[in-house]
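Sequences are here, hints too, so could you generate the full structure?
Top line first, the protein sequences correspond to chains A and X. Each residue of the first sequence is one higher than the last, beginning at 1 in full-length UniProt numbering. Each residue of the second sequence is one higher than the last, beginning at 1 in full-length UniProt numbering.
One or more of the hints may lead you astray.
Calculated Cβ distances over 10 Å to all of chain A for the following chain X residues [said to hold, decoys possible]:
| id | residue |
| --- | --- |
| 1 | ARG15 |
| 2 | ALA96 |
| 3 | PRO108 |
| 4 | ARG110 |
| 5 | ALA119 |
| 6 | ALA222 |
| 7 | ASP226 |
| 8 | ASP248 |
| 9 | VAL266 |
| 10 | ASP268 |
| 11 | ARG303 |
Within a straight-line C-alpha distance of at most 20 Å, the following computed DMTMM-like cross-link-like pairs (lysine to aspartate or glutamate) qualify [stated by the list, open to error]:
| id | chain 1 | residue 1 | chain 2 | residue 2 |
| --- | --- | --- | --- | --- |
| 12 | X | LYS134 | X | GLU148 |
| 13 | A | LYS228 | X | GLU132 |
| 14 | A | LYS228 | A | ASP307 |
| 15 | X | LYS134 | X | GLU175 |
| 16 | A | LYS228 | X | ASP114 |
| 17 | A | LYS228 | X | GLU126 |
It should be emphasised that the hints constitute simulated quantities derived from the structure, not laboratory data. Beta carbons are placed, not taken as given, at the ideal position from N, Cα and C, and that holds for glycine.
So the chains spell out like this:
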Amino acid sequence: MIWRFLARRTVALLATLLVASVVIYGGLFLAPGDPATLLVGGGKPPNPQLLAEIHRQYHLDDPFYAQYWRWLTGMLHGDAGQSLSYHDQVSHLITARIGTTALLIGYATVLIVLFGVSAGVVAGLRGGRTATAVTAATTTLMAVPTFVSAVLLIWLFAVRLNWLPAYGNGTGLADQLTHLTLPAIALAVSWLAYVAQVTRSAVDGEQRAEHVQTARSRGIPERLVVRKHILRNASGPILSVAGVAVAGLIAGCSVVEQTFGLNGVGALLIQSAAKQDLAVVQALALLTVVAFAVVNTLVDLATAALDHRVPVGGAA
Amino acid sequence: MTTATVPLLEFDSLRVTLPLGGTQRTVIHRVDLALAAGSAVGLVGESGSGKSLTARSVLGLLPEGARIEGDVRFDGASVPAMRQAELRTLRSRHAAMVFQDPRTHINPLRTVGDFLTEALVSVRREPRAQAEAKVVALLREVHVADAERRMRQRPSELSGGLLQRVMIASALAVEPRLLLADEPTTALDVTTQAEVMAIIDEARENRGLTLLFITHDLALAAAVCDRIAVMYAGHLVEELPARRLVGDAAHRYTRALLASRPDPTVPDARLRAVDGRPLSAFEAGPGCPFAPRCAAAQELCHRERPEPRAVADGRAACHFPHAVDPQAVDLDAVDPHAADTERTAR
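Here it is as structure tokens:
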């Protein structure tokens, strides 16, 4: 059962990636502008002969399917092509930066789970004013875009209080984590608020559930009622939304890395897009899709494990 | 039957108010009822009459913000005065409740075995293996075939009737003295209903349990209980021995309920309903709550609330109780307002 589910999800994942790769490659193929002008550089009108030479060298005049096929087979061999602006292997550019991004996303995930879920649980269990306060705070936080919270955090903690660095990666794990604290908070904050709200409503719903009343009527101590009935049953929706949040972090890290001057793949994406560095953008876009799909598959798997009523492989 | 000793369960002028829509509203006006150890009492009433809340008050399970006047005593001890620890002891050792809908009242994510052994293992600290052996034996006692396999299944894999047996087994597992059954068969289909009722009756007999059976089904209550208590709009209006219900009901509401039962022996008979709309407890005026629907109501009934008074070997809260006539078997002949409550069935 579980292997069939895994097999089906893997096939679905591959199909998703194939479609995504066509869309990504096709989208950028259709994008206006000539990457060859980038290589020539300068403000003067480019030499047509030179442009033609570049086009020939980088196969820019080949039909779409030929270019796509060359790119795809390259990707499958771990060769994401050459970056035009960095004059380096795309795979090399990515591996040098992926660690920072992974650490940032991991840090933000921990913040979300630790503070988002616990705020939601406390609000759900206590209800009343606590719930009102948490709902008001999280609604506000959800409305703040990442770039605004990033600027506010830098202003308060780096400029006014001078507690945390606002720029750069740092060296060594402890220093890296210190440097990543503000970016991780900026990245996590609106997702954290969202997870807190979903958690609150899931816990609140379970708390009123009739089976919880049954447990209380049998004299089960309240802490066990909370753990084995309320939290246990609320964990499904909490996990689903936490998964969506992590996937959202992957997409959101570009802005944060750029704002805080972090040398990660998110910032790389923005910089290469600005420079029309197609090979890098294509590889990163595909990487984002992979990460998204893998996270979602893992969450589905965990949800099915938590709640036997979720049909295994139902929504592949 | 001697009632000289302390009754196992006693409601003493119980009155309950709940905060609804900003004000404290009365949901139970007055319940006086005593259950001798080993007896079975059917608490009958329409939805909203307060019968379920009355049962919940026994376990201290009233909604948040509920205010209680009067008293509920279990074995002489006041339940509203109990602290959390005492309440837990009461719930986990002395009194158990079977709820109406087992589908929603059993945690859907955990196994049947978890549900059955939970109270034994986590509250009474019995070793898991011992608790499991005990509940498997109990499942067999309530006629669940293949008990070991059922223990590993989830609620969604069991039928409603089977699940209600699981619920009954879980109530019996703590070896309570009092069983509160809150409409245990209402969510089940008719054939399953009879089986489940038979199981409750059998368990009561075998174990000498005291039963408070909440239902809206007067006939069912009369079949399994010694005494019947009828509630209307938060008032306990009548209480009498079950075997005298049909002949000797004194309260006009009880009689109207009896008259509204369909008679399957008469084909094409018209269904009778009690005229008017059932009253919520908080809507009750100063007089008798049933007065607006009662054909025999007089001016006094609208003005003054009747106190419960002894009528034959029961009690009724009625200013003008129906005169007990041992000769009268045909309800239609004695019911003063049977004629004008007739309605067409279709």
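Hints, verified against the model:
1. Look at X/ARG15: its CB is around 22 Å from the nearest CB on chain A, clear of 10 Å, so calling it non-interface holds up.
2. At roughly 7 Å from the closest C-beta of chain A, the C-beta of X/ALA96 falls inside 10 Å, breaking its exclusion from the interface.
3. Listed as outside the interface, X/PRO108 is inconsistent with that label: its C-beta sits roughly 7 Å from the nearest C-beta of chain A, within the 10 Å cut-off.
4. The claim that X/ARG110 is not at the interface with chain A is violated, since a C-beta of that chain comes within 10 Å of its own (minimum 7 Å).
5. Against chain A, the non-interface label of X/ALA119 is violated: not every CB pair exceeds 10 Å, the least being about 4 Å.
6. Taking the minimum C-beta to C-beta distance to chain A, about 27 Å, the non-interface status of X/ALA222 holds against the 10 Å cut.
7. At the 10 Å boundary, the C-beta of X/ASP226 stays outside the reach of chain A, the nearest C-beta of that chain being 25 Å off.
8. Its beta-carbon lying about 35 Å from the closest one in chain A, X/ASP248 satisfies the requirement of being farther than 10 Å from that chain.
9. Every CB of chain A is more than 10 Å from the CB of X/VAL266 (nearest about 39 Å), matching its label as outside the interface.
10. Against chain A, the non-interface label of X/ASP268 holds: every CB pair exceeds 10 Å, the least being about 41 Å.
11. The claim that X/ARG303 is not at the interface with chain A holds, since no C-beta of that chain comes within 10 Å of its own (minimum 40 Å).
12. A threshold of 20 Å between alpha carbons decides the hint, and for X/LYS134 with X/GLU148 the separation of about 11 Å falls inside it, so the pair holds.
13. Distance restraint check for A/LYS228 and X/GLU132: the Cα-Cα separation of roughly 18 Å lies within the 20 Å cut-off, and the hinted pair is therefore satisfied.
14. Simply put, A/LYS228 and A/ASP307 have alpha-carbon atoms about 13 Å apart, close enough for the 20 Å limit, and the pair holds.
15. At roughly 11 Å between alpha-carbon atoms, X/LYS134 and X/GLU175 fall within 20 Å of each other, so this suggested pair holds.
16. Restraint check for A/LYS228 and X/ASP114: the C-alpha separation of about 10 Å stays at or below 20 Å, so the hint holds.
17. Taking the CA atoms of A/LYS228 and X/GLU126, the gap is about 18 Å. The hint holds against a cut of 20 Å.
Hints 2, 3, 4, 5 from the list above are not met by this structure, while the remaining hints are.
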